[in-house]
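S.K.: If you want the building blocks of each chain, they are given just below.
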Amino acid sequence: MLGAFALLAGSAPAAAQGDLLVAPTRVVIAGGGGAEVVLSNIGSAPATYRIALELRRMGENGDFQDVAEAAANPAEQAALAMVRYAPRRITLLPGQPQAVRISVRPPEGLPDGEYRVHMSFRAIPPALPAEAEASDGGVSIRLVPVYGITIPVIVRKGQLDAAATLANPRIVTGPQGAYLELDMTRSGSRSTYGELIGKSARGEVIFDLKGIAIYPEVTRRAARVPLSAEQAAKLKGPVRLEYRELPENGGKLIAELVTAIK
Amino acid sequence: MRNSLRIAAFGAALAAASLATSANAAATATATATADVLNSLTLTADSALDFGQIAANSGGTVTVNSNSTVSQSGGLVVTGTRAPAAFSVTGSPNAMVGITLPAGAVTLTRATGTETITLDGLNTNPNGAFQLDAATGKGAFAVGGTLHVANAQMPGSYSGTFAVSVEYQ
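Chain order of the listed sequences is A and B.
Using the numbering used here, the letters of the first sequence correspond one by one to residues 1 to 262.
Using the numbering used here, the letters of the second sequence correspond one by one to residues 1001 to 1169.
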């Protein structure tokens, strides 16, 4: 190439167009039925959102991996087929909320089990303005994040059970500070979901990590609890670790471990 | 009973939604009021992924990492601000939030042609899931990556999108 060219990349700040709020953030439907989720535009400009179903698989570190529809297993295909929702596209003014209705009709003969999709709410990026630059023979770059929130939509059919265990808690110090690492195992035919609570021998709550799920595709996952120096100090010695359902779901104990951390 | 519970939960969700929208500036108070219920999650984009100004005689790569470290290779000269994309999350205090990025490369295509530039090596800081603040329910993360400029890259305006999503872990 003759001469130099210039790349002008993403110099405009991302407008807060498409900022969003979603509530609730988890939907569980037993058998068939429906639910509603509210999407709200919390940005400063009107925005159009697309609602879609996506697939995710949990990894052993608790992170989600995106799964392409072509790579879906039979249970994931069944989940995609039985979850209906409307509308699929919503344009909202700033501050305006709207409900998305979800309905589930399990097909005849569906095997008992837990089926799950992740419903995504993403802002459709606004049309790009006409390009004025690049007339000088340069190259300009525009990278637009299509950002959004996903929530699990879980369908349970039949009598399902699950149990979990906690093991091997250890304090690890990384570049971003100390954290408690813990192995969680799950057995049975459905996911578990709850909070992870660390208590001292005297019953004082040292940490409380909300919203920890172990999905059916994994039988074990690690949990990482970020700790302040004070929390790390308090955790050394005898502790009680509890994995409980959230208080609004009854607060039932799923698993506990009484141990001493070095 | 079940039905009324569901309606109550929906009402609470709507209330949370409208509260958070009408009082976005005072989101702290809202988050505290709903501290024990994982009933809402918000995501806002604060700044774009910026690769600065690049002048080149030949191809190369420009990397902007999510931890704000930058580098380049090949015959590229980079000036100006380089910064990762920044996002803010507000939800329930102490909750864990996971980030999902595309597994593969992102393609940017020239506006009036078919030539492409790829972006890969997408990474986030913090890496993986992170915990929302115990008091405010707020969190933030950054996204970076590596841009591959070919030798004799066709001049023009290249654009592309990449998907970022968050979910309670």
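It is worth saying that the hints were derived from the structure and are not from the lab.
Heads up, a few of these hints could be off.
[Said to hold, decoys possible] Here are the computed lysine-lysine pairs in the DSSO-like style, where the Cα-Cα straight-line distance is at most 27 angstroms: (1) K1138/B - K234/A; (2) K1138/B - K262/A; (3) K262/A - K234/A; (4) K157/A - K199/A; (5) K199/A - K262/A; (6) K236/A - K199/A.
[Unchecked claim] Covered by chain B, per the in silico footprint, the following chain A stretches (three or more residues, Cβ under 8 angstroms): (7) 24–30; (8) 58–69; (9) 79–86; (10) 111–123; (11) 143–154.
Model, not experiment: these values are computed from the prediction.
Where is the CB? At the ideal position from N, CA and C, for every residue including glycine.
S.K.: Taking beta carbons only, do three or more residues of the segment 24–30 of chain A come closer than 8 angstroms to chain B?
M.R.: That given contact holds, which follows from 3 residues of the segment 24–30 of chain A lying within Cβ reach (below 8 angstroms) of chain B.
S.K.: Taking a Cβ-to-Cβ distance below 8 angstroms as contact, does the segment 79–86 of chain A have at least three residues touching chain B?
M.R.: This one is violated; 0 residues, fewer than the three required, reach chain B with a Cβ under 8 angstroms.
S.K.: Do at least three Cβ atoms from the segment 58–69 of chain A come closer than 8 angstroms to Cβ atoms of chain B?
M.R.: holds (count 6)
S.K.: At a Cβ distance under 8 angstroms, does chain B reach at least three residues of the segment 143–154 of chain A?
M.R.: holds (count 10)
S.K.: Hey, K199/A versus K262/A, does the alpha-carbon distance stay inside 27 angstroms?
M.R.: This hinted pair holds, its Cα atoms lying about 15 angstroms apart.
S.K.: Would the hint linking K157/A and K199/A be met if the CA-CA limit is 27 angstroms?
M.R.: 35 angstroms, violated
S.K.: What's the verdict on K1138/B and K262/A, does the C-alpha distance respect the 27 angstroms limit or exceed it?
M.R.: 31 angstroms, violated
S.K.: Given the hinted pair K262/A and K234/A, is their Cα-Cα distance within 27 angstroms?
M.R.: 11 angstroms, holds
S.K.: Within a Cα-Cα threshold of 27 angstroms, do K236/A and K199/A meet the stated pairing?
M.R.: 11 angstroms, holds
S.K.: Three or more residues of the segment 111–123 of chain A near chain B by CB distance under 8 angstroms?
M.R.: With 3 residues closer than 8 angstroms to chain B, the segment 111–123 of chain A meets the three-residue bar; holds.
S.K.: What's the verdict on K1138/B and K234/A, does the C-alpha distance respect the 27 angstroms limit or exceed it?
M.R.: 25 angstroms, holds
Checked against the numbered hints above, the structure violates hints 2, 4 and 9; every other hint is satisfied.
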